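Undergrad: Whenever a hint applies, use it, and build me the whole structure from the sequences.
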Amino acid sequence: MAKSISRRDFIKGMAGFGAASAVTALAGMPAAHAESETELVERVTTELPIPEVEAPAKTEYECDVLVIGGGFAGLNAAAAAADQGQRVVMLDKGRPGYSGLSPWPSSHRWADKEMGDDYDALRKCIQHGSEYLGNMDLYEVWLEESKGTYERLRDWGILDQYETAAQSGFYNDSGDPADCSGDYQGYHEKFIQHDRRTKFAAVLKEKGIEYADYTMVTNVIVENNKVCGAVGFHVPSGAIITCHAKAVVMAMGGGCYKPTGFPTGGVTFDGEYIAYNLGLPIAGKEFDDFHMTLSWAPGNAFLNNNWTYLDPLWLCGGDITPETAISYATTKGKVMVLDRVTKSMTGLAVSDGTGVEDMTKQDVTRRGGSTSENPAEVRFGKCNDTMYKGDIYGAAVGFGAHLTNGVFCGLDDLEGRTSIDGLWVSGDGMMACGPTGAAYPTGVGFTSNFVSTMGNRAGKAAAEYAATAELTKISDERIAEETEKILAPLSVEKGFDPNWARDQLMNIMSPYWVYIAKSEATLQAALTQVEYLRDKVVPKLQAASFHDVRLCLEMQHKVLNAELSLRASLARQETRGLHFRTDFPYRDDENFLCFITLQKNADGGMDIEKVPVKDEWKGDLSEDYKSRYTYYFPRELETLGLPAEEETGGWGGKK
Amino acid sequence: MSVARYDLNKCIGCKSCVTVCPMDVFRFDEAAKKSVIAYPENCQSCGQCFVNCLGRSLTIVNDMYGYAQTSYRAATTVAMNRTAQKVIDR
Ligand SMILES: Cc1cc2nc3c(=O)[nH]c(=O)nc-3n(C[C@H](O)[C@H](O)[C@H](O)COP(=O)(O)OP(=O)(O)OC[C@H]3O[C@@H](n4cnc5c(N)ncnc54)[C@H](O)[C@@H]3O)c2cc1C
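Top line first, the protein sequences correspond to chains A and B. Here my numbering is used: position 238 in the first sequence is 238, and no number is missing along the way. Position in the second sequence counted from 1, then plus 655, gives you my numbering.
Hints are computed from structural coordinates only; laboratory data are not their basis. Just so you know, these numbers come straight off a predicted model, no measurement behind them. Here a beta-carbon is modelled for each residue, glycine too, at the ideal position from N, C-alpha and C. Treat the hints loosely; a few may be bogus.
To be verified - Some, not all, of what chain A presents toward chain B, calculated at C-beta under 10 Å: (1) Leu48; (2) Pro51; (3) Pro103; (4) Tyr184; (5) Pro236; (6) His244; (7) Val267; (8) Arg550.
TA: Printed below as a string of structure tokens:
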């Protein structure tokens with residue numbers, strides 16, 4: 001009798017086959033697989049026609065606080081506002097918990113005096129690592145509130161700790177880098193009660209928060225500088241959705257041009273586009289966060305992230321001490337900025353495809369996790385699965401440094417309050433001026449906690465405002481106007497496919513000389529191309545379905561984002577953290593200890609301004625250069641006439 | 656890399672894929688009680704539908720291998736290309 005096929009073999013067998021080719025490929029398999037062959041030959045791999053979708057039963061909402069976006073920031077904002085007794089509605093383009101970045105973090109960090117954290121050491125580390133653009137006042141907020149955030153998320157079940165894939169037996173730990181697969185679905189099914197994404201909607205439900213998913217907000221409506229709510233559409237059906245609200249929290253995440261290995265495609269700078277067009281200043285756009293994909297399966301988000309998606313979040317912290325504060329920040333800079341910069345420029349992959357286990361260990365430790373596997377060490381990383389790691393540049397081009405880019409709410413803001421009455425911004429890519437400044441790596445593991453902390457603050461503040469504010473409903477004229485804008489791409493008779501336009505933008509923005517090692521000439525050249533896309537292509541984006549409408553609108557947002565990034569990069573004529581200019585390859589404290597803001601002016605043009613950071617955030621300006629900055633970009637020391645460093649290497653070994 | 660149908664017979668109509676996809680790739684046929692992979696060209700290969708598919712009707716395939724900008728693959732080593740091949744062959 002033929003040997004029955006194990007579930008693991010089965011998964012391994014199917015993973016590589018395209019739907020169309022699977023049947024023929026399997027037909028030629030050895031006799032040992034005969035049993036499953038009969039079963040497989042009868043598979044149906046064709047799709048039914050795309051059905052029409054009915055409009056949702058409810059298309060008009062009214063509430064005290066509207067939260068747009070249901071990631072960590074939005075969830076915490078909505079919960080906080082509901083806890084204050086306000087009527088809260090949440091609208092999300094995808095589904096809360098499963099869209100944007102929030103499904104993906106693999107680690108979570110908080111500050112804890114009781115566990116021995118030295119707050120001065122933490123402050124020193126972030127200030128050094130952020131290269132003196134970090135908002136130290138917001139860092140104080142985090143030091144005070146992050147433990148409460150951790151406890152809140154823990155109580156919601158989002159930080160449940162359970163067996164890792166490696167411990168569970170579902171993971172195939174053969175030691176062969178090309179074979180570290182396993183039964184992903186089996187592992188997920190066994191621990192489904194711990195799946196943190198399911199907890200987002202559960203919390204909303206428990207708190208009586210009404211939410212609508214697959215609803216893309218296209219504009220926030222403001223009259224006389226006061227917010228009235230938002231308009232958008234239910235993407236599957238095309239139904240126009242309105243929500244009248246006294247206060248609005250925008251927690252809509254950042255974005256990228258094309259999610260090639262970093263699974264962030266649910267966010268496309270929608271909030272930034274809306275805020276910019278409301279006249280709010282945008283900052284941090286020159287700090288690009290370049291992510292890695294797999295050299296042997298580029299763009300493959302699942303292979304890049306599968307086990308970290310399925311495993312519990314690693315609880316980390318406790319790794320920064322007075323002795324390690326500076327070296328910790330330096331290592332992060334070397335590993336997650338410099339190493340990627342230099343490897344991108346030489347075209348070399350970080351590894352040769354072997355030693356995946358070592359790379360994984362380094363990945364755990366660079367996030368502040370330990371590979372000790374001691375369960376008593378509450379805040380130490382537990383993910384020891386040998387998995388593929390992105391080893392080349394090229395993922396999520398367009399993504400801004402997590403907590404640094406978005407709406408600039410001023411140097412004194414501690415809650416994301418904008419200059420429009422009743423409007424708050426919160427979270428990744430929405431609120432600029434976070435504690436991680438020019439380089440977020442020092443805050444790795446910190447973002448999911450920080451955006452939750454800020455969401456909580458924004459939600460509370462919005463609820464307090466709403467408690468005394470009057471509701472101004474969105475007028476019928478405004479709804480008609482917004483509806484026309486949403487539907488416009490459907491009536492473009494001759495035009496461009498949004499997927500084609502997306503690839504053009506990707507091709508303009510992704511070369512390393514535009515995105516990673518920038519110069520006046522390359523930025524200017526890219527800007528000319530982007531302006532052409534903006535003026536000639538965006539107005540002619542064509543949709544044949546409501547799915548396409550979403551893509552057309554998203555393209556508008558991506559093109560604006562590219563322009564903002566390029567103009568901010570041109571303006572910052574220095575190098576700092578995640579912004580490297582080959583024509584100004586050094587930090588320039590005299591001229592650039594500032595934010596660069598971009599704001600739409602009355603004529604529709606873009607005003608660019610420098611806003612100096614607070615003196616207290618600047619560190620000790622009398623310190624010599626090599627103490628203030630402890631890792632160096634190509635030609636930096638040479639240009640400054642300082643002695644050269646030894647080769648440092650980084651994640652994945654020597655350069 | 657993209658989602659693909661492993662076997663439509665195995666779709667139990669649970670709608671998981673339709674409700675978790677952040678890229679609006681799926682639709683649901685209410686009459687047939689089956690999901691429809693409507694816009695695979697916008698799949699970001701995150702695999703959330705795949706791990707959440709209760710009937711195990713979906714798979715992830717390498718058809719969209721060239722989805723990413725692969726400007727640095729020219730410089731990859733022989734060992735790495737072997738690894739790639741193994742992953743695809745699996
Ligand atoms: C692969 C990966 C690994 C990561 N690793 C870590 C880690 O180890 N530790 C850590 O702390 N952090 C990590 N992060 C970062 C962390 O996940 C994010 O900082 C955090 O989730 C951001 O939350 P957010 O709520 O601000 O934004 P998001 O999670 O992006 O949420 C935005 C929400 O807004 C919705 N939305 C967008 N546009 C619209 C619109 N027009 N209308 C309606 N809704 C809209 C989206 O659908 C989404 O639900 C990682 C991220 C990724 C992608």
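Undergrad: Which numbered hints turn out to be false for this structure?
TA: Those not satisfied come down to hint 6.
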